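Asks: Please model the entire structure based on the sequences and the hints provided.
One line per chain: the protein sequences are A and B, in this order.
Just so we're aligned, residue 14 is where the first sequence starts under our numbering, counting upward by one.
Just so we're aligned, residue 22 is where the second sequence starts under our numbering, counting upward by one.
Don't read these hints as lab results, they were simulated from the structure.
Here the structure is a predicted model, which means the values were calculated and not measured.
Be aware that a few hints might be false.
With a straight-line cut-off of 30 Å between C-alpha atoms, the simulated BS3-like cross-links for lysine-lysine are [as the list claims (entries may be wrong)]:
| # | chain 1 | residue 1 | chain 2 | residue 2 |
| --- | --- | --- | --- | --- |
| 1 | A | Lys118 | A | Lys82 |
| 2 | A | Lys118 | B | Lys78 |
| 3 | A | Lys82 | A | Lys70 |
| 4 | B | Lys78 | A | Lys81 |
| 5 | A | Lys76 | A | Lys118 |
| 6 | B | Lys34 | A | Lys70 |
| 7 | A | Lys72 | A | Lys55 |
| 8 | A | Lys82 | B | Lys34 |
| 9 | A | Lys70 | A | Lys81 |
| 10 | A | Lys55 | A | Lys92 |
| 11 | A | Lys76 | A | Lys92 |
| 12 | A | Lys55 | A | Lys70 |
| 13 | A | Lys81 | B | Lys34 |
| 14 | B | Lys78 | A | Lys55 |
| 15 | B | Lys34 | B | Lys78 |
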Amino acid sequence: EDQVTQSPEALRLQEGESSSLNCSYTVSGLRGLFWYRQDPGKGPEFLFTLYSAGEEKEKERLKATLTKKESFLHITAPKPEDSATYLCAVQGSTGGGADGLTFGKGTHLIIQP
Amino acid sequence: KAGVTQTPRYLIKTRGQQVTLSCSPISGHRSVSWYQQTPGQGLQFLFEYFSETQRNKGNFPGRFSGRQFSNSRSEMNVSTLELGDSALYLCASSSGGVTGRGYTFGSGTRLTVV
Numbered sequence: 014e015d016q017v018t019q020s021p022e023a024l025r026l027q028e029g030e031s032s033s034l035n036c037s038y039t040v041s042g043l044r045g046l047f048w049y050r051q052d053p054g055k056g057p058e059f060l061f062t063l064y065s066a067g068e069e070k071e072k073e074r075l076k077a078t079l080t081k082k083e084s085f086l087h088i089t090a091p092k093p094e095d096s097a098t099y100l101c102a103v104q105g106s107t108g109g110g111a112d113g114l115t116f117g118k119g120t121h122l123i124i125q126p
Numbered sequence: 022k023a024g025v026t027q028t029p030r031y032l033i034k035t036r037g038q039q040v041t042l043s044c045s046p047i048s049g050h051r052s053v054s055w056y057q058q059t060p061g062q063g064l065q066f067l068f069e070y071f072s073e074t075q076r077n078k079g080n081f082p083g084r085f086s087g088r089q090f091s092n093s094r095s096e097m098n099v100s101t102l103e104l105g106d107s108a109l110y111l112c113a114s115s116s117g118g119v120t121g122r123g124y125t126f127g128s129g130t131r132l133t134v135v
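Replies: What follows is the structure, encoded as structure tokens:
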């Protein structure tokens, strides 16, 4: 069974204070690891997909990296508008057809001005 | 390009009733997935439809069912509602295939069972 654990559960940073969010996973045949951002009352917003160990992707102040056991979401010089819950999900391969995403519980990030 | 549209946004139902939720995917997307989100369990996969066929199903009881129409629109039905079914139900669409590219989520339907 695929499993995703995110840490920390909550993180409070000052504006400009860089940090990293962790996503540890176990999966049978990784098809993709996803990062999403979710604001209160809204659906998750797609950020990145990573497919293989060593892969990195960047978007504005965010950078996602992937190893064989975990992924990190690095946030550089965050702004208050980066405050949200960040979700990590994996899609495994059980053979034939697509499978659903397995999500972690998320990291609730607050950036204080 | 219009996003994923879910209706209604809010629903209040009584225990024992049934409910139907609707999802219109992004134009051209043939895959529609449904998820349940609760504070305790987080996001959990319900099922996925691709070209009107259920391709995969999560670990939910048979009271949860769905279908997809020829225009890719999808509906989810929950029968004999229980208090524990109160949740945000999210629909996600993608172009499909097995490579697991990004899924686009709707804003969800907030279901409250009283």
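Asks: Which earlier hints turn out false for this structure, listed by number in ascending order?
Replies: 6, 8, 13
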